[in-house]
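4 protein chains.
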Amino acid sequence: MAGSGFGTIFKITTWGESHGKGIGVVIDGCPAGLSLEESDIQAYLDRRKPGQSGFSTPRRESDRVEILSGVFEGKTTGTPISLIVRNENQKSADYSEIASFYRPGHADYTFDAKYGFRDYRGGGRSSGRETIGRVAAGSIAAKILHQMGIRLCTYTRSIGPVEISPERFDAGQIRQNPLYMPDAGAALEAQLYLEQCMSGQDSSGGVIECVIDGMPAGIGDPVFEKLDANLAKAVFSIGAVKGFEIGSGFQAAEKKGSENNDAFTCDASGTIQKQTNHAGGILGGMSDGSQIIFRAAVKPTPSIARTQHTVRKDGSPVDIQIKGRHDPVIVPRAVVVVESMAALVILDALLVNMSAKLDSILQFYK
Amino acid sequence: MAGSGFGTIFKITTWGESHGKGIGVVIDGCPAGLSLEESDIQAYLDRRKPGQSGFSTPRRESDRVEILSGVFEGKTTGTPISLIVRNENQKSADYSEIASFYRPGHADYTFDAKYGFRDYRGGGRSSGRETIGRVAAGSIAAKILHQMGIRLCTYTRSIGPVEISPERFDAGQIRQNPLYMPDAGAALEAQLYLEQCMSGQDSSGGVIECVIDGMPAGIGDPVFEKLDANLAKAVFSIGAVKGFEIGSGFQAAEKKGSENNDAFTCDASGTIQKQTNHAGGILGGMSDGSQIIFRAAVKPTPSIARTQHTVRKDGSPVDIQIKGRHDPVIVPRAVVVVESMAALVILDALLVNMSAKLDSILQFYK
Amino acid sequence: MAGSGFGTIFKITTWGESHGKGIGVVIDGCPAGLSLEESDIQAYLDRRKPGQSGFSTPRRESDRVEILSGVFEGKTTGTPISLIVRNENQKSADYSEIASFYRPGHADYTFDAKYGFRDYRGGGRSSGRETIGRVAAGSIAAKILHQMGIRLCTYTRSIGPVEISPERFDAGQIRQNPLYMPDAGAALEAQLYLEQCMSGQDSSGGVIECVIDGMPAGIGDPVFEKLDANLAKAVFSIGAVKGFEIGSGFQAAEKKGSENNDAFTCDASGTIQKQTNHAGGILGGMSDGSQIIFRAAVKPTPSIARTQHTVRKDGSPVDIQIKGRHDPVIVPRAVVVVESMAALVILDALLVNMSAKLDSILQFYK
Amino acid sequence: MAGSGFGTIFKITTWGESHGKGIGVVIDGCPAGLSLEESDIQAYLDRRKPGQSGFSTPRRESDRVEILSGVFEGKTTGTPISLIVRNENQKSADYSEIASFYRPGHADYTFDAKYGFRDYRGGGRSSGRETIGRVAAGSIAAKILHQMGIRLCTYTRSIGPVEISPERFDAGQIRQNPLYMPDAGAALEAQLYLEQCMSGQDSSGGVIECVIDGMPAGIGDPVFEKLDANLAKAVFSIGAVKGFEIGSGFQAAEKKGSENNDAFTCDASGTIQKQTNHAGGILGGMSDGSQIIFRAAVKPTPSIARTQHTVRKDGSPVDIQIKGRHDPVIVPRAVVVVESMAALVILDALLVNMSAKLDSILQFYK
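Residue numbers (our numbering), protein chains in the order written: chain C, 1 to 366; chain R, 1 to 366; chain U, 1 to 366; chain Z, 1 to 366.
One or more hints might be untrue.
Calculated pairs, PhoX-like style, for lysine-lysine (alpha carbon to alpha carbon, straight line, at most 20 Å) [to be verified]: (1) U:313 with Z:357; (2) Z:143 with Z:75; (3) C:75 with U:357; (4) R:366 with Z:313; (5) C:75 with C:21; (6) U:323 with U:366; (7) R:49 with R:21; (8) C:256 with R:75; (9) R:75 with Z:313; (10) C:357 with U:143; (11) U:357 with Z:313.
One side only, chain R facing chain C, incomplete, derived with CB under 7 Å [what the hints assert, rightly or not]: (12) 105; (13) 260; (14) 268; (15) 269; (16) 272.
In short, the hints are calculated from the structure, not lab data. From the three backbone atoms N, C-alpha and C, an ideal C-beta is built for every residue, glycine too.
Chain C on its own, in the form it takes in the complex (with noise of 0.2 Å):
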């Protein structure tokens, strides 16, 4: 099992490798009657798109999504939706080094390990281009997400050792950035730390955070469904993921149980809520109604131009310089793939849970 596919009811299924033909995803299960044009999907895509600051690399793919299969006339006919995006800037040349060792951070030697060989050009499947299929269907969930009143913000919230400041957070910022930091002046702050990285021939982790507003209560499930489980799976499935917390996260962990509950009241409005938010928004597996926060940490980007140690295929020792130019920092970029999987994973919930309960299944079959 390749492991490709992903999703219970909006199922969604990638292909495609870094200097392959391509990078497509079919999404079988989409409700039927959405309007969607490639512009949904692209807007989405650019966001990941290499090439755009300093702090990306500058191979350049116009990444132009194509809408093969399931929408007809402007609608999706809730058959499989078939996208493609074909690789343009695929230098094989580039990469013929690399099929003879095992560069230190990446998945050389564990793909050989598990299938006896591999697709070396560019990391083959386990490129960071593997993502694009995430995000073309992230898109999509997204768009259907929008519609029922559920916004997904995701930003960078640390690049290295430089933080964003809860007092300066400006949501309005992160699109302002290269490093999508909804604080202005630490994303000034982390520039000049990746600049230092970048001229030490190094790179740097960091932390995303993604914030759901307007989800209603009572999604997910209360075993092994559980909404934090599924998000927590979507995220570490994303290359470069060593973390995920959700609400308080590993702080919880060191509080004690009056500090960390939060305590339930009711607004004006007669609707139920939460004092305070250690929970993340997500109690027994299940949507509590508040804001859903959950933090990814990302390791730094392993490709870094310094000289490694490393061994090649048959074991013996070799020094190594990774060439080409490579993100300092996976983190902006990866942006995007979060917002995606959480997107997936929500409406996913979302559509499972309408079989919850029997009187509502009654009253849309009456």
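Model the placement of chains R, U and Z on the given structure of chain C, informed by the hints.
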């Protein structure tokens, strides 16, 4: 979908509520030919049993497991293994009051939001007793892994602010103290801390760590079914878990690539290894042959004796005190639950992996 | 994979062997709020109980079902419903001899080929008792369908050469004769035929027919999850079924298009209908609003008293006579099993279908 | 759920409409290391291509397949294989009229009932062109099976009243006549029959038979995932199939046990076999080592030139004549589709089966 199923080939389905007739699990897909007795399973269940120390609820359940199917003449037959633990100690009267209000930090409110009503006795399906099915199934997975030379070691890494010391790490200590800490000194300190919490009618969170030895390289899948993504989901599906990280985890976000990359090397026997293990044993979603190391952050027990503010079902405010005795910390009893979920994920990945290479398949059916 | 799970949203997992401790099923995904008592389930189980006439084995099991979880204060909670029927009448001694040879027409040989050994007592997992779990789950599905106005009527269409007559069809007769035939005359004739079979130490096959009324149009999916494809799998998964057809079935192969097409028309109320129903109520995999009609061919009971040639496990030849009394025909007791499987498929398709249209989803979550 | 996915380990997802940009399939879970070229797949696609004789529509599509991913240096990599066939011959104008009414025997009405509207061009997703994805994937499954010594032979068994004769059966004839009949005499007779149908502006049904040689015993599962149940679903998921039977099939219903049971015997080499094969190669859901033999009943092409009565979307009556030329019989072109679906089921069952026995697993990972 209640979402009580887990796994692809080694599939489990759990059932049961805290105060229903019992708790159980059906394992569909256990290979034929495993020697299995109730005592194999009981040994695991006893590790999560309440009433074993001053730090767990004195509710004394014998929690005896009964094998109902799938084992014939002492061996698994390949057909579903049905396991049941009868509930013995259910005093529903204790729980009548909590039917009327929503306990902070619990799933009471979200259950009502999803299903319209709930089995309010002892947390119903969201009780810690739900994990009995996980542990019973996990014990069987672990027995198979043991025969493959794969061992899991799981323990309490921290309770509140008290963390184990790497210098004093002693796996032999884990079962020597009621907190399952591999550090006698930290265990004593943590017990003092928990006594403080209890005298303050409060509770504490903590961190669980799991180390897996003997895992062959190349297990797991490169995209959505990454081994770490499945571990993340498995562990996050345990109630009270708020964070998950692997290897250097959230610390990777603050590091540089040159610090976080693990150099490959080759030992005398010709085995390719990593010199360090910041990756935590998984690269690109597939095991790399190193130890797999992950951590889970567990929130403090939400049931605390001190007065809390909340609302009734109709939204009216109420001050509550949760009666009965509750564990002041979830962590020690959750250690075996984390280990069980990890065993399920690891075994399933190994079984799925058998069809990765055509050569192996042709050899298998020769 | 033992393959004991069935369904997408309304998922069941069955377990148990003929001579183990019991037989059971876990239903994961039953909507919350259904009134459910053991008597609802028992009514279905009683329809497949042995020992009810001269044409079924006199092994008298009371087959009492017990609800173990998922029901609180008389209503389903949305969490897994675990059901158990304890085995009572297991005399393992009766079956010791068959451990040594392979009975013709049974799964003895294939079980050994797959798993290396088998629980040989009474057929083990391949016993007819395996269907108890299906029927218990099916009874719940049927109860929900009933509330949606969907009724299933299943009966014996033929036994050996004796077929019901369309002219004498009387649904009221089905439960009036031990063969579940909707034709009193055919039932008498079939009983005579079965007596002949029994006196000749032989058995008979037959055909079961199922008619589903009240199904809304548009349920099912157009490609692999066609409603008829899922019915085919469900019915074919019942032991002894050797053929399945819908509507005109195999006769359609001999017809011309002008004979087989069903013309659409419109009734006074404006409802679009078909003038005929050669399609059997499904077009392109989706229900068309007509009656769904399908048939299953059931082979004769393989356990017959007359001498048969076979081999022992080591391949040496042996002549055997299967002892004990066995049903001379499987069909009557399988009628409720076919109905149960159909109910599971139909309900699951209805639940899956709730997310087909965006408009309905937006309306649902408004 | 559009339901366009199929398989457990060797999973496929098909997409595409008759008059969209193309038709395709993604295969997720193909083992690594299979030599694969476009010509392997093309050979299968050519068997279902239209325009090859007077008995199939003259719409001439070249139907050239392109491999988009998953193959590197001539071998499958273990990652998803994406295949596309571009549509070339779409004249949407031809189909504008059928948008307004519901063709008898087609899915027009049910599509509208399910999704609210439909892509009416050439049947949209319910076109016969949907099977291109199945055949493309099936060709790969068949190539793997071939390397395991498993061969599928599929042919037309009957067209209308014309059936092949067992005495004249000659597999070498199958590709020698446009009807894929293994009997030259019957093929001639059937051609005459089809010419009559065509001159009467009518069409014919027929029966397809598939024989699988070389299958090891013990493949498939004993309960819901019976090998015959999965074959039934796979074949029934092909449009126009109305019946499925295995071995003696519907005839078993008329037989006695003594006639239908297959006696076991042992050949000179010590292999256990059956003397007859009424079972069709599967007992209790698992292969028994004999030939697997099944049949599918295919309805007559619903698109016929003669005038038919139907209704418009608003229910008003209309007499229609379906323009354009259509195959007078679906059977010959469906032969390779049936074979492809069978190959997918058989291969998947073999892959799933690798984890049936603990001994095999321990041996595999030794």
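Okay, the hints, checked on the actual structure:
1. U:313 with Z:357: Roughly 18 Å between the alpha carbons, so the hint for residue 313 of chain U and residue 357 of chain Z holds.
2. Z:143 with Z:75: holds, 13 Å
3. C:75 with U:357: Holds - the C-alpha atoms of residue 357 of chain U and residue 75 of chain C are around 11 Å apart, at most 20 Å.
4. R:366 with Z:313: violated, 58 Å
5. C:75 with C:21: Violated, at about 28 Å.
6. U:323 with U:366: violated, 64 Å
7. R:49 with R:21: Roughly 18 Å separates the two Cα atoms, so the pair holds.
8. C:256 with R:75: Not OK: residue 256 of chain C and residue 75 of chain R at ~46 Å, beyond 20 Å, violated.
9. R:75 with Z:313: violated, 62 Å
10. C:357 with U:143: Within the cut-off at roughly 15 Å; holds.
11. U:357 with Z:313: The hint holds at about 18 Å.
12. 105: holds, 4 Å
13. 260: Holds. Min distance 5 Å.
14. 268: Check failed: Cβ of residue 268 of chain R comes no nearer than 11 Å to chain C, outside 7 Å.
15. 269: With a minimum Cβ separation of about 10 Å from chain C (threshold 7 Å), the hint on residue 269 of chain R is violated.
16. 272: holds, 6 Å
Violated hints, in rising order: 4, 5, 6, 8, 9, 14, 15; the structure is consistent with all others.
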